[in-house]
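**Student:** Dock chains B and C against chain A, hints included.
Protein chains in written order, with the numbering used here: chain A, 1 to 250; chain B, 251 to 599; chain C, 600 to 888.
Because the hints were derived from the structure by calculation, they are not lab data.
Note that the structure is a prediction, hence the values are computed from the model and not measured.
Incorrect hints may have been included.
Stated by the list, open to error - Label pairs and their calculated CB-CB ranges: (1) B:F397 to C:V735: 34 to 40 Å; (2) B:M372 to C:Q717: 37 to 43 Å; (3) A:A92 to C:F719: 51 to 57 Å; (4) C:L732 to B:R474: 56 to 62 Å; (5) C:V735 to B:M372: 43 to 49 Å; (6) A:A92 to B:H294: 44 to 50 Å; (7) A:D196 to B:R474: 26 to 32 Å; (8) A:M112 to B:L538: 38 to 44 Å; (9) A:M112 to B:E348: 28 to 34 Å; (10) C:L757 to A:A92: 57 to 63 Å; (11) B:T547 to C:R684: 48 to 54 Å.
Said to hold, decoys possible - Computed footprint of chain B on chain C, listed as stretches where at least three residues anywhere in the stretch have a Cβ under 8 Å from a Cβ of chain B: (12) 685 to 691; (13) 695 to 704; (14) 708 to 716; (15) 821 to 831; (16) 865 to 871.
Unchecked claim - Derived SDA-like pairs: lysine to any residue, alpha-carbon spacing no greater than 20 Å straight-line: (17) C:K820 to B:L393; (18) C:K820 to B:L354; (19) C:K860 to B:F397; (20) C:K820 to B:R396; (21) C:K855 to B:F397; (22) C:K860 to B:A375.
By construction, the Cβ of each residue, glycine as well, lies at the ideal position given by its N, Cα and C atoms.
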Amino acid sequence: MTLALETQGLVKTFGGLTATRDLSLKVERDARHALIGPNGAGKTTVINLLTGVLRPNAGRILLEGSDITALPAYRRALMGLSRTFQINQLFADLTPLETIALAVSEQRGEGMHWWSSLGRDATAADEIGLLLQRFHLTEVMNARTATLPYGKQRLLEIALAIAAKPRVLLLDEPAAGVPEAERQDILAAVASLPRDVSVLLIEHDMDLVFSFADRISVLVNGALFVEGSPSEVARDPRVKAVYLGEAADA
Amino acid sequence: MPWYEMPWRERTGIVGSLYDLSRWRWGEMLFWTLALMAILLFPHRYLILTEIAWLALFVLSLDLILGYAGIVSLGHAAFFGVGAYTAGLLALHHIIDEPVLALLVAGLAAMVLGFVTSFLVMRGADLTRLMVTLGIALLLRELANRFSDITGGFDGLQGIVMQPVLGLFEFDLFGKTSFIYCLVVLFLMFLLARRIVHSPFGLSLRAIRNNPLRAAAIGIPVNRRLTAIYTIAAFYAGLAGALSTQSTALASLDVFSFERSADLLLVLVIGGTGYLYGGLIGAVVFKLLQDVLATWTPQYWQFWIGLILVVLVLIGRERLHRWTRWGPERIKTILDARKSAAVAGEKTP
Amino acid sequence: MTTFLTILFDGVAYGMLLFVLACGLAVTLGLMNFVNLAHGAFAMAGGYVCAMLVNRYGLPFFAGLPMAFVVSAAIGFVLERLLYRHLYHRNHLDQVLFTVGLVFMSVAAVDYVMGSSQVFINLPQVLQGQIDLFGVGIGRYRLMIIVICGILTVLLQLTLARTRFGSQLRAAVDDPRAAVGLGINVPWVFALTFAFGSGLAGLGGALGAEILGLDPHFPLKFMIYFLIVVTVGGSSSITGPFLASLLLGIGDVAGKYYVPKLGAFVIYTMMIVILILRPNGLFGKTAVR
Numbered sequence: 001m002t003l004a005l006e007t008q009g010l011v012k013t014f015g016g017l018t019a020t021r022d023l024s025l026k027v028e029r030d031a032r033h034a035l036i037g038p039n040g041a042g043k044t045t046v047i048n049l050l051t052g053v054l055r056p057n058a059g060r061i062l063l064e065g066s067d068i069t070a071l072p073a074y075r076r077a078l079m080g081l082s083r084t085f086q087i088n089q090l091f092a093d094l095t096p097l098e099t100i101a102l103a104v105s106e107q108r109g110e111g112m113h114w115w116s117s118l119g120r121d122a123t124a125a126d127e128i129g130l131l132l133q134r135f136h137l138t139e140v141m142n143a144r145t146a147t148l149p150y151g152k153q154r155l156l157e158i159a160l161a162i163a164a165k166p167r168v169l170l171l172d173e174p175a176a177g178v179p180e181a182e183r184q185d186i187l188a189a190v191a192s193l194p195r196d197v198s199v200l201l202i203e204h205d206m207d208l209v210f211s212f213a214d215r216i217s218v219l220v221n222g223a224l225f226v227e228g229s230p231s232e233v234a235r236d237p238r239v240k241a242v243y244l245g246e247a248a249d250a
Numbered sequence: 251m252p253w254y255e256m257p258w259r260e261r262t263g264i265v266g267s268l269y270d271l272s273r274w275r276w277g278e279m280l281f282w283t284l285a286l287m288a289i290l291l292f293p294h295r296y297l298i299l300t301e302i303a304w305l306a307l308f309v310l311s312l313d314l315i316l317g318y319a320g321i322v323s324l325g326h327a328a329f330f331g332v333g334a335y336t337a338g339l340l341a342l343h344h345i346i347d348e349p350v351l352a353l354l355v356a357g358l359a360a361m362v363l364g365f366v367t368s369f370l371v372m373r374g375a376d377l378t379r380l381m382v383t384l385g386i387a388l389l390l391r392e393l394a395n396r397f398s399d400i401t402g403g404f405d406g407l408q409g410i411v412m413q414p415v416l417g418l419f420e421f422d423l424f425g426k427t428s429f430i431y432c433l434v435v436l437f438l439m440f441l442l443a444r445r446i447v448h449s450p451f452g453l454s455l456r457a458i459r460n461n462p463l464r465a466a467a468i469g470i471p472v473n474r475r476l477t478a479i480y481t482i483a484a485f486y487a488g489l490a491g492a493l494s495t496q497s498t499a500l501a502s503l504d505v506f507s508f509e510r511s512a513d514l515l516l517v518l519v520i521g522g523t524g525y526l527y528g529g530l531i532g533a534v535v536f537k538l539l540q541d542v543l544a545t546w547t548p549q550y551w552q553f554w555i556g557l558i559l560v561v562l563v564l565i566g567r568e569r570l571h572r573w574t575r576w577g578p579e580r581i582k583t584i585l586d587a588r589k590s591a592a593v594a595g596e597k598t599p
Numbered sequence: 600m601t602t603f604l605t606i607l608f609d610g611v612a613y614g615m616l617l618f619v620l621a622c623g624l625a626v627t628l629g630l631m632n633f634v635n636l637a638h639g640a641f642a643m644a645g646g647y648v649c650a651m652l653v654n655r656y657g658l659p660f661f662a663g664l665p666m667a668f669v670v671s672a673a674i675g676f677v678l679e680r681l682l683y684r685h686l687y688h689r690n691h692l693d694q695v696l697f698t699v700g701l702v703f704m705s706v707a708a709v710d711y712v713m714g715s716s717q718v719f720i721n722l723p724q725v726l727q728g729q730i731d732l733f734g735v736g737i738g739r740y741r742l743m744i745i746v747i748c749g750i751l752t753v754l755l756q757l758t759l760a761r762t763r764f765g766s767q768l769r770a771a772v773d774d775p776r777a778a779v780g781l782g783i784n785v786p787w788v789f790a791l792t793f794a795f796g797s798g799l800a801g802l803g804g805a806l807g808a809e810i811l812g813l814d815p816h817f818p819l820k821f822m823i824y825f826l827i828v829v830t831v832g833g834s835s836s837i838t839g840p841f842l843a844s845l846l847l848g849i850g851d852v853a854g855k856y857y858v859p860k861l862g863a864f865v866i867y868t869m870m871i872v873i874l875i876l877r878p879n880g881l882f883g884k885t886a887v888r
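Pulled out of the complex, with its shape left as it was, chain A reads as follows (with noise of 0.2 Å):
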């Protein structure tokens, strides 16, 4: 099988801390990959190093087999790597019917375009008003975004990087601070990603990792500590041992 992304001897050091260390993680083709941890394991950090915010001291990284670790953040998102925020970063004074439409106009090339009005084309309308209403997004299409309730924002914030038409897409706690009543339509979104994009997710939350991932990585110390299949992660006593370490701390 191919692979989709790639990361080889990955290292990070802020200071004398090291966040990442000798990470070298593969996500292949179509997958349904999720990267776990205890807090502070440096699973942000990983997302940072592959989307470009950050620079690795070491190591390389490949999206589907070309190294993307010299270009700048917004090169890599041109080249199909799309990813969500932890802490929604959106556009606060543009609506979701704006941020769809400038996300899809950048992906279809049309950026620098000054002279054409947005939206004019019908394709490129078809494509805002598709992903406005998977996303449930609709009936707030015109409202500011810093107005909406926090569940819209954050399928907006997925939303976004859908509308990039990503090849790899990282899911950075998509359901992280959702109250229960909205929680049920970012699972579901999440669980309808087209099936031709590879997922990589760094969840905390089990229950979503285990009904969504076909593969499991946990990081520890910001280095590759097991990986396997969802069954095998549950069943080593070594993941376990981790867990309650941290459950015992807190």
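**Tutor:** Quick look at chains B and C alone, frame taken from chain A:
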């Protein structure tokens, strides 16, 4: 099934909503009708009207980078000054006598400077940006001062005689031609700006202002976009500077002054950022205010300008604009209520 | 050679003066991340207070200097409590607008009260003329500036590094919430710091009247210099702004002597180049937000 028959389209009204974003509103038409009527209504105030017109163009330029892209500049006068001196020198030495052509060349000169300096401005964060923009304007002022044999130093360029616009319209004593000329340029440039801000490019700028991190994450090359709008804005500022020279037949060192850049910020925040008309309304209010204050207290009017700035910030710009919008919105709600009442009335037999 | 030494000496005096003028801003802008373009107004206030006391009421110059400090610090304290503290959490645009407004007001107000012409402070005989040191002509006034500013710099460094107030300030700047948790009265610390910085600026304004010139446009004329000191110096310590001040002082004096045609051009170019190469300042390590 063809796209326009797809069922969800009717339900969501996507196309309509997208179209609404850039639709001309009645308020806008009213604004420009009033601007046009000013030619007939105030025949004795052409001087101040002309100043308002080129100031409005200058503010429009700042709104493009500050209101849309979020770049705070303390030295926008740099581009104004380059435009002003270019237009002045072209006319003084009879290099290009036709004003419109000279105007374009002046704008392009400022644009080149904008493009080159944009890389310096993009380099740092907010604070560094403030310093670099301020530094560039001061540097140009210093240069203009040092090369006083070319720029006329503190006395400025003198003896400029303007030729007729397009070879047809003579500049008259009352300033009617000047005003119409400036107003036409302002309107055309406004149309262009309106086009730009409602385009995908314009939307990406607003996204960058809101959240550059996320903008990059969806594939927007942030610095490239900022460079583009900074360059465009420099062109606008250059045009404004050139118009000021052409309409007054004068250009002096104070085109580069810090006070000009600072006043510009004030003008923009008076009207509000990020919807284009803020700059235009701000220009009208500021000039009228300045006119009143200067007659009332000619030497110390800057005190009151300063006080306005302080009060504006303390009250909060957003709150202030909510208050000013309260009136029109109240009327609209009442009208809407009447309309729906009327519709309901028709339905009940 | 002797001219070179004289320039160096004058440059050092000028630089140290700039440091005293700007170090208050180094704290508000550099550490608290508040863009205070009106910093020069406090310096101007000190200068005018000293000039008035000395010229009009015959107070000795050395008594006028502390008064300049006290009055500017008092103004700073009142303004901080009344106005500035509401703006710490606003964005930079609001801070710029607000402080530019204050500058405009102070310029017009001083012009109204004191007139627009340049003011000189009557100096005692002791401070006039030059003394000869190994064949190098040394201005007495500049020597005094170096002595006073040198003492102040050392005291400042000690205050920040050794005293309880210094550590409270550092804690308050690093993490205001944690500092509150530690029982530090953060608003009070900020107010005192602001007042102290304004006082130093006032003292600098009084000291600098002779060298920099004092007129109502002082805050605008020297704004860029203060900002250069802080942004080029960086915000990680007080040493950065100090070195930046010296560099700026020597650079400006030497530039005006050797290439008078270029004037301030040298300084502005230097600043832009440094900021391009080191966006966080020449001596700065911490990132400026």
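**Student:** Which earlier hints turn out false for this structure, listed by number in ascending order?
**Tutor:** Violated hints (numbers, rising): 10, 11, 18, 22; every other hint is consistent with the structure.
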